[in-house]
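Residues per chain, in single letters:
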Amino acid sequence: GQNIDQPTEMTATEGAIVQINCTYQTSGFNGLFWYQQHAGEAPTFLSYNVLDGLEEKGRFSSFLSRSKGYSYLLLKELQMKDSASYLCAVRGRDDKIIFGKGTRLHILP
Amino acid sequence: DTAVSQTPKYLVTQMGNDKSIKCEQNLGHDTMYWYKQDSKKFLKIMFSYNNKELIINETVPNRFSPKSPDKAHLNLHINSLELGDSAVYFCASSPALDTQYFGPGTRLTVL
Numbered sequence: 009g010q011n012i013d014q015p016t017e018m019t020a021t022e023g024a025i026v027q028i029n030c031t032y033q034t035s036g037f038n039g040l041f042w043y044q045q046h047a048g049e050a051p052t053f054l055s056y057n058v059l060d061g062l063e064e065k066g067r068f069s070s071f072l073s074r075s076k077g078y079s080y081l082l083l084k085e086l087q088m089k090d091s092a093s094y095l096c097a098v099r100g101r102d103d104k105i106i107f108g109k110g111t112r113l114h115i116l117p
Numbered sequence: 305d306t307a308v309s310q311t312p313k314y315l316v317t318q319m320g321n322d323k324s325i326k327c328e329q330n331l332g333h334d335t336m337y338w339y340k341q342d343s344k345k346f347l348k349i350m351f352s353y354n355n356k357e358l359i360i361n362e363t364v365p366n367r368f369s370p371k372s373p374d375k376a377h378l379n380l381h382i383n384s385l386e387l388g389d390s391a392v393y394f395c396a397s398s399p400a401l402d403t404q405y406f407g408p409g410t411r412l413t414v415l
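Residue numbers (my numbering), protein chains in the order written: chain A, 9 to 117; chain B, 305 to 415.
Chain A with its partners taken away, still in its complex shape:
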């Protein structure tokens, strides 16, 4: 079957660093996405990885290891506005995108 696992909730402190992990088992692999979703809003794109390694984009970085079926999203210098759900999603062989259930991140002052 196809499965994407990520922690349900995490808590971190303003100014700190947090790493959100995602593991996946899918039928084929054509890329992994991270999205941010604030409560009551639409998901917004954060990153896309198709090759192994680290992609850095400002305070956010995303890492992929295809052999391990593993990715993480790293958020640095956390701000209160980073409180949101973070969704890991994988595009499979058939180009269908499967989403994980999301990780709700709480930032404490």
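Don't read these hints as lab results, they were simulated from the structure.
Among the hints, erroneous ones may be present.
[As the list claims (entries may be wrong)] The list that follows gives simulated cross-link-like pairs (lysine to aspartate or glutamate, DMTMM-like), each with its CA atoms no further than 25 Å apart:
id, chain 1, residue 1, chain 2, residue 2
1, A, Lys65, B, Asp342
2, A, Lys104, B, Asp342
3, B, Lys344, A, Asp13
4, B, Lys340, B, Asp374
5, B, Lys345, A, Asp103
6, B, Lys340, A, Asp103
7, B, Lys323, B, Asp374
8, A, Lys76, B, Asp374
9, B, Lys345, A, Asp13
Nothing here was measured: the structure is a model prediction, and the numbers come from that model.
On the provided structure of chain A, position chain B as indicated by the hints.
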């Protein structure tokens, strides 16, 4: 300059009714999607269209029928609404096999 727009934003209706949700994108993308996000916030793909042609059709009851009159529009019609259809429905579009841009969502409540 809305990129992906949906109407209506909120929809409250009785069981058994038929309703439609409209989606439009002005990004010139070839591919459009419908997703359902349930009360547990689980986002699940329903349909995907590429240049007006259906390419992904998940295991969705046939009460749900998408229609794409042109590549900028993808509408969703739902017949005989049921309580379990209550959810937020997101439309999205993408230029290729990467970034998806989501619409603001339509919150459907079936009473």
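**Asked** Given the hinted pair Lys340(B) and Asp103(A), is their alpha-carbon gap at most 25 Å?
**Response** Satisfied, since the Cα-Cα distance of roughly 18 Å is no more than 25 Å.
**Message:** Checking one constraint from the list: CA of Lys323(B) to CA of Asp374(B), max 25 Å. Satisfied?
**Reply:** Roughly 20 Å between the alpha carbons, so the hint for Lys323(B) and Asp374(B) holds.
**Message:** For a C-alpha distance cap of 25 Å, please report whether Lys340(B) and Asp374(B) respect it.
**Reply:** Holds, because 22 Å separates the two Cα atoms, which is no more than 25 Å.
**Request:** For the pair supplied as a hint, Lys76(A) and Asp374(B), confirm whether the alpha-carbon distance does not exceed 25 Å.
**Result:** 41 Å, violated
**Asked** Straight-line Cα separation of Lys345(B) and Asp103(A) no greater than 25 Å?
**Response** 22 Å, holds
**Message:** Hinted pair, alpha-carbon criterion (25 Å max): Lys104(A), Asp342(B). Please report holds or violated.
**Reply:** 19 Å, holds
**Request:** Compare the distance between the alpha carbons of Lys65(A) and Asp342(B) with 25 Å, and conclude whether the hinted pair is satisfied.
**Result:** 30 Å, violated
**Message:** Holds or violated: Lys344(B) and Asp13(A), Cα atoms, limit 25 Å.
**Reply:** 15 Å, holds
**Asked** Within a Cα-Cα threshold of 25 Å, do Lys345(B) and Asp13(A) meet the stated pairing?
**Response** Within the cut-off at roughly 14 Å; holds.
Of the numbered hints stated above, those contradicted by the structure are hints 1 and 8, listed in ascending order.
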